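**Q** Going line by line, the protein sequences match chains B and V.
Following this note's numbering, the numbering of the first sequence begins with 41 at its first residue and continues without gaps.
Following this note's numbering, the numbering of the second sequence begins with 565 at its first residue and continues without gaps.
Hints are computed from structural coordinates only; laboratory data are not their basis.
Note that the structure is a prediction, hence the values are computed from the model and not measured.
Note that the Cβ used here is the ideal one computed from N, Cα and C, for glycine as well.
Warning: the hint list may mix true and false statements.
Just so you have them, the derived chain B footprint on chain V, three or more residues with Cβ under 8 Å [stated by the list, open to error]:
{"no.": "1", "segment": "680-687"}
{"no.": "2", "segment": "746-758"}
Only part of the chain V face toward chain B is listed, based on derived beta-carbon distances under 8 Å [claimed, not checked]:
{"no.": "3", "residue": "LEU599"}
{"no.": "4", "residue": "LEU600"}
{"no.": "5", "residue": "ILE603"}
{"no.": "6", "residue": "ALA604"}
{"no.": "7", "residue": "SER717"}
{"no.": "8", "residue": "THR720"}
{"no.": "9", "residue": "VAL721"}
{"no.": "10", "residue": "ILE734"}
{"no.": "11", "residue": "SER736"}
{"no.": "12", "residue": "GLY740"}
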Amino acid sequence: MVSGAWEWLITGANWSGEGGAWQRLSEHLVLTVVSLGLACAIALPIAFWLGHIGRGGALAVNISNAGRAVPTFAVLVLLTLSPLGEYGSWPTIVALVLFAVPPLLTNAYVGLREADRDVVEAARGMGMNGRQLLVRVELPLAFPLIMTGVRSASVQVVATATLAALPGGGGLGRIITAGFNTYDTPQVVAGALLVAALALLVEAVLVVASRLFDPVRRRAGAERKAARPGPGAPLHDGEEGKRPSEGRTALV
Amino acid sequence: MAANEWICGEYVRSRQEELFDATLQHVGIAFSSVLLGLIAAFPLALAARRWGAGPVLTLTTVLYTVPSLAMFALLLPLFGISASVVVTGLVLYSLTVLVRNILAGFASVPEEAREAARGMGYGPRQLLLGVELPLMVPALMAGVRIATVSAISLTTVGAIVGYGGLGNLIYSGMEGFFKAEVLTASAVCVLLAVLADVLLLGLQRLLTPWARHRTRAARVRPGKAG
Numbered sequence: 041m042v043s044g045a046w047e048w049l050i051t052g053a054n055w056s057g058e059g060g061a062w063q064r065l066s067e068h069l070v071l072t073v074v075s076l077g078l079a080c081a082i083a084l085p086i087a088f089w090l091g092h093i094g095r096g097g098a099l100a101v102n103i104s105n106a107g108r109a110v111p112t113f114a115v116l117v118l119l120t121l122s123p124l125g126e127y128g129s130w131p132t133i134v135a136l137v138l139f140a141v142p143p144l145l146t147n148a149y150v151g152l153r154e155a156d157r158d159v160v161e162a163a164r165g166m167g168m169n170g171r172q173l174l175v176r177v178e179l180p181l182a183f184p185l186i187m188t189g190v191r192s193a194s195v196q197v198v199a200t201a202t203l204a205a206l207p208g209g210g211g212l213g214r215i216i217t218a219g220f221n222t223y224d225t226p227q228v229v230a231g232a233l234l235v236a237a238l239a240l241l242v243e244a245v246l247v248v249a250s251r252l253f254d255p256v257r258r259r260a261g262a263e264r265k266a267a268r269p270g271p272g273a274p275l276h277d278g279e280e281g282k283r284p285s286e287g288r289t290a291l292v
Numbered sequence: 565m566a567a568n569e570w571i572c573g574e575y576v577r578s579r580q581e582e583l584f585d586a587t588l589q590h591v592g593i594a595f596s597s598v599l600l601g602l603i604a605a606f607p608l609a610l611a612a613r614r615w616g617a618g619p620v621l622t623l624t625t626v627l628y629t630v631p632s633l634a635m636f637a638l639l640l641p642l643f644g645i646s647a648s649v650v651v652t653g654l655v656l657y658s659l660t661v662l663v664r665n666i667l668a669g670f671a672s673v674p675e676e677a678r679e680a681a682r683g684m685g686y687g688p689r690q691l692l693l694g695v696e697l698p699l700m701v702p703a704l705m706a707g708v709r710i711a712t713v714s715a716i717s718l719t720t721v722g723a724i725v726g727y728g729g730l731g732n733l734i735y736s737g738m739e740g741f742f743k744a745e746v747l748t749a750s751a752v753c754v755l756l757a758v759l760a761d762v763l764l765l766g767l768q769r770l771l772t773p774w775a776r777h778r779t780r781a782a783r784v785r786p787g788k789a790g
């Protein structure tokens, strides 16, 4: 069976042309990027604002719990049958955004609220105003959790975009559903391997990005080079990177 | 009937039996997945505690990242068209949350409690079953609740192999553009998830009678893990 799937994957004809794997892959990537971008544009400003003023915690957590209870498949089908269904990819994009918002909102909110209160108070004492406090203190400290939210959301979006194939949307899921319709198990497995590889690749890219761009880690690293070992970092490197992922909320 | 409304009492009345059977299959698949997940998660968590959590957590995270449709498709050659495909996929997903929360549960047991038990002559097995397990119930149950709610929602995707419980109705409603069937099945599915969550919360209260007397502020930590 694995050899059959491999056979499918190395056959050029399966990749090219209308409905080929390249087209499905690019559809999948476009859906993912557009939806994730829209979801960030909606969720992050709200989370930053709520986290900064310290209100709406119950809202942020409940939205995340509710998001877990609602089946993505059901929402995709409901939106496709709704009047929105006449507008091409929009039912898919709306569903993807709906499921990407909760992890983004919750993690960013929690990240901001859990920013070390002593540091925030010290910054306030130094005369920073609300805007400076948010941009120069709270956001850098919340960065790891914000990125955890982005990762959870992207896992969610890649998975939901796959499901979008069931009600006839685009993306790599179409290879799987087409295989099911023609009882072509090698194609089903090949499509699944492509989807899994894409999901893992997206996750890996974001893990690397969150380590490279973490403002606190970068500063700590620079200081460590300059002087004695940085304070308050007893965890060794691998562990430190893992820590925030405990807050993941995605549901696939 | 012919109007194809979203809400249709006639549908619920005439297809009562079908709805009931689908709900039963749905609950069966989701429940057995979480149960098997728990059975698998404990040895994994114990192994992670003894030999380091890195490999186990990496493996479960990788499994979690695989989209559900792909997961079921990959399991298809192993089991053929059967409920095992769906149950196995859901078990693998539940491991991520359960192993993590069991480890968090072990970490939440106060070292003094362990010391006291050892001082009273508890062996490793008694320590685990008599002290650590009861004290980790809140963290464990937080994980079980998340795993259960996710499993109920993900069971719908099992419709691709014909074992999706209410998902089967959503699938057939999708193919026949039958709005009432889709909305009713979706609503029942969400209700199931909420009901399961409430019941598990009740079970957690029953299992931790000592927590009732404590102030709520004393246990803020669990809940948002996972």
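**Q** Any of the earlier hints contradicted here, and which numbers?
**A** Violated hints: 1, 3, 4, 5, 6, 11, 12; rest satisfied.
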